[in-house]
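Chemist: Could you build the full structure based on these sequences and the hints that come with them?
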Amino acid sequence: MDLHISRRTEVLLVVFILFSLLYGSRGEIPPKPTGGVTIVPPVKPDGPQAFPDAEKANLPVFTMDYPRIQIPFEITLWVLLASFAKIGFHVYHKITIWVPESCLLISIGLIVGGIMHSVHEEPPAVLSSNVFFLYMLPPIVLDSGYFMPTRPFFENIGTVLWFAVVGTLWNSIGIGMSLFAICQIEAFEVQDINLQENLLFASIISAVDPVAVLSVFEDVSVNEQLYIVVFGECLFNDAVTVVLYNMFNFVAEMPVVEPVDVFLGVARFFVVGLGGMGFGILFGFVAAFTTRFTSRVREIEPLFIFMYSYLAYLVAELFAISSIMAIVTCALTMKYYVEENVSQRSCTTIRHVVKMLGSISETLIFFFLGVVTITTEHEWNWGYILFTLLFAFIWRGLGVLVLTQIINPFRTIPFHLKDQFGLAYGGLRGAISFALVFTLPDNIGRKQLFVTATIAIILFTVFLQGISIRPLIEYINVRRTNRNLDTINVEVHCRLMEHTIAGIEDLCGQWSHFYWKDKFMKFNNRILRRILIRDNRAESSIVALYKKLELQNAMEILDTVSGDISAAPSIVSLYEEKKNSGKPKKKFLASDLKSMHDILSKNMYKIRQRTVAYTNKHALPNDSQTKEILIRRHTSIRRSLRPGSFQSSVVPKSHKYFSLPAGKSLESKFPPTRLSYTDDQETMSEVAYPSRRSRFHQPGRSSSRAMMPLQRLDTLKEAPSVDVLDESTGERGRMGHGMSRTNSSSSNARIPAPRRQFPPSVDHDSSSADNFRNGHHEATAEEEEQQQQQQPSSPTPAWAAETQDNTAQNPLLRRPQWNPKRK
Amino acid sequence: MGASQTRSEHKYQDLADKTGFSLEQITNLHKRFQQLSGNEDTLSRQNLDNIPALANNPIRNQIIEAFFDKRNQHQDEVGSFNEIGFEQFLMVMSHFRPPTLKTTEEEKEALRKEKLRFLFNMHDTDNDGTITLVEYRKVVEELLSKSGAIEQETAKAIADAAMLEVASTNVPDMAPDDFYEGITFEHFEQILKGLEMESRMHIRFLDVDTTTMRCGKSTS
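Protein chains in written order, with this note's numbering: chain D, 972 to 1794; chain E, 18 to 237.
Calculated from the structure, these hints are not laboratory results. Among these hints, one or two may not hold up.
So the derived list for chain E, only partly shown, Cβ under 7 Å to chain D, looks like this [as the list claims (entries may be wrong)]:
1. H47
2. R49
3. L71
4. P75
5. I76
6. F85
7. M108
8. P115
9. L133
10. E159
11. A179
12. I208
13. L209
Beta carbons: idealized from backbone N, C-alpha and C, even for Gly.
Modeler: See below:
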């Protein structure tokens, strides 16, 4: 026994080392690993006591107790191996675009299986029913549930459930019946498979698992409806499949099936499904409620999420109700509240860990799929397997066609033929089917045939459909949705439309999901949030987006300031020269950029991402975005730095630029002798935001948080209190906090004049300058009028007043600098 | 009774041609219309104001106003009605008809434009073809008015930022001394260009009488 174990480990080690070498250094030649094997011999099967001399009772210098660590050790190695494989594919990135990751994993598994088979090894027995259901499955479904795009899901919940429940039933029963019919044909020699077993098998292979399809859909950004239906279907279909599996499994063992059992089965189906949902909601709320109080124990905050979801899963399992349903609803329920409650770091941690566990679990399953394909003994029956493939394909296609015909009249946006094709073709079989079939009890006579058939259908769909779906989807040109809209206008108008629709629906006196959404939001805001969320002020999505943009704003200001600090010494001395040279100092640029980079990278990860638009099953949502933001920010900073130079140590005050239009109007009146870069600079940095802000996907949670950088900035600036006051009023009114500001703004207004003088400097940096100008135009009509009237008529008094006003109120404007100059 | 039935059916047929609703839908909407108007032939603002379900809608005023806006009647008139008849009511409703499978691309484009125009009109209260900052602010304020303790400042700031966004996306090379007066319809289309309207701004008008059924949620 021991010998056997160690042999297995040895092979595992060899394989592991082989792969780590292959993927780690890529250049190593295979012979090397054999050298690695020499490490193994110490793992001699001497039993727990591997003392050099057992008789002497001396203190052993070197001991080894392999059996003690064997299980976790092997698990670790397997996980590592699978993970290395994953790293491997991403070394050469283009592979994963054309060949789905699951295909690659299976291939690697096949290779490893081949190696193991050649040395007559057995794969690890991890795929026992218990291991799978208690440890491998929960992370996968938690991942899907937690990253489910909530809003589109609820907008399409009817269709999703329709396809998940009815579609799965349709497939199971259809395939099961047809296969049973096939079994009656003597030529195939499978007459011994009875109806129950056929149904059981059919329910196993009707679990779709379109990971590969989802990532393709995401890449080509197909329309939201199609995406969410495929996503939701795969999620709930797992639940339905598992329920069916358990039911048929039970039924398959019964000698006789009575009609009563059928009704009981149907009843049980609902009990299991709804019961799971109930537990999920219950635990979700408990979890949310718990996180209300975790603000003092941040370090274990993420733990609650996992423990509660797992608890929901286990309890559901305890009562033999749908545990998948439980964990999914638990994740869906708590996500919203929990993310409001926990700190940003915990939130990030939760997301990472959920993703990590889910993707490891799935990787392992696919990997084992490959291994097992080689190492198990197969019972190959051409007729049965080919007909399985055929029926799976036909029933899936038929099911989608028929079910869409039924659901389309109820959908606001019907599914087109192209969508239906995507839906039908996206029905890949995957991890769940494999695991389910592998955990079949041994008393099923033709278990091996089922395993073989399932593996065949998985390989067939994953490889053939998985690889071909991208070209096909692109070829038939499925309707696409642009998902990267994150501007205030879009948000405002989405809300506007929603409210309009809800209002019109009310007017028509009919209830649709907008009506229910309205009702739920009201209930949510009044009761749930109050109970579950610590800081329970309701937040409109517009405000959330706005705050997010504010935060970005603040960070940019911070960046600008830090740049200024490094440039500070030269500011005064260079001031006069600069106005003529108009060229920025290159050396500042480098260091500034670097410091900005530092600040940015320090700040980035703290920021909460509120909405995850669409997440790949294996990618954390925010990474690429963050990177993109960084890149874009850098280019834009670079641009904005170029013309202006750094000497203006100006803190851009957000409300400032609204004054500029007025300033423009004044330009003609004031000969541009007074040269100040200050405003160029500040407006530039400031006004470049709008273009960038839309890309900023990390919302701040509260305005106070968003303001933090600003306050820090004040100290940096040595700019005294008043500024803090300004900023801390909360929303820095872009234009117009009303009258009080008008004064200062009108004074600012004169500053832009210099820009006129340096058209090249401004113009040659195209986009930021453009933005810069646009910024001015948002001034209100009234304000503008006001300013215009004010200034020309009595310029001097106004300024006199303002001068002191401004210096006092807003030292950062460097009012003193221009003031003397004006004279 | 029978005579009036046929007459109303005839009348409905006209309306159906004009608005694209089916006869059942029109019948339903007519019932609702009469319920709202208290069996009068016309509907006044007062009637709509009294709908309890609408009371919590933050943009109730805009919605109600949209019904009395002549611009939403598919005719080139401006101004507003004091009272609307069933036909006008239907016309406004027809903006929200979902596309069918048979709708062609051009029709979809036209529908989209129509819906955008409807939204635009909700903003542009003074019919001058542009949304000024003041108008925009008003809408944003209303939108946010029900979500708790949001100060007016915030709403203002948001409207300002949004306006700035419009300006920067639409007129990137505006001369420095220009002033962005407001959003024209073209600009409005521009900023919402990427937004998929096909899945929004639709109501599934039911063919059956829903006042007695609450079945809206089961399907989406």
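Chemist: Against each hint, give a clear statement of whether it holds in the structure.
Modeler: Now the hints, each set against the structure:
Hint status for H47/E: violated, given a least beta-carbon distance of 11 Å to chain D, over 7 Å. A cut of 7 Å between beta carbons decides the hint on R49/E: the least distance to chain D is about 5 Å, and the hint holds. This hint holds: L71/E has a C-beta 5 Å from the nearest C-beta of chain D, less than the 7 Å allowed. For P75/E, the interface hint holds, since its Cβ comes within 7 Å of a Cβ in chain D; the closest pair sits about 6 Å apart.
Satisfaction of the interface hint for I76/E is found here, the shortest Cβ-Cβ separation to chain D being roughly 5 Å, below the 7 Å cut-off. With 7 Å as the threshold, the beta carbon of F85/E stays out of range of chain D, its nearest partner Cβ sitting at about 13 Å, so the hint is violated. For the restraint placing M108/E at the interface with chain D, the shortest Cβ-Cβ distance is roughly 13 Å, beyond the 7 Å limit, so the hint is violated. Annotation: P115/E was flagged as interfacial toward chain D, and the flag holds, the nearest CB pair being 5 Å apart, inside 7 Å.
Of the supplied interface hints, the one on L133/E is violated, with its beta-carbon coming no nearer than about 9 Å to a beta-carbon of chain D, more than 7 Å. Taken as an interface hint, E159/E does not check out: its beta carbon lies about 9 Å from the nearest beta carbon of chain D, beyond 7 Å. Using the Cβ-Cβ criterion of 7 Å, the hint placing A179/E at the interface with chain D is satisfied: the shortest such distance is roughly 4 Å. The beta carbon of I208/E comes within 5 Å of a beta carbon in chain D, closer than 7 Å, and the hint placing it at the interface holds.
With its C-beta approaching chain D no nearer than about 6 Å, L209/E sits inside the 7 Å limit, and its interface hint holds.
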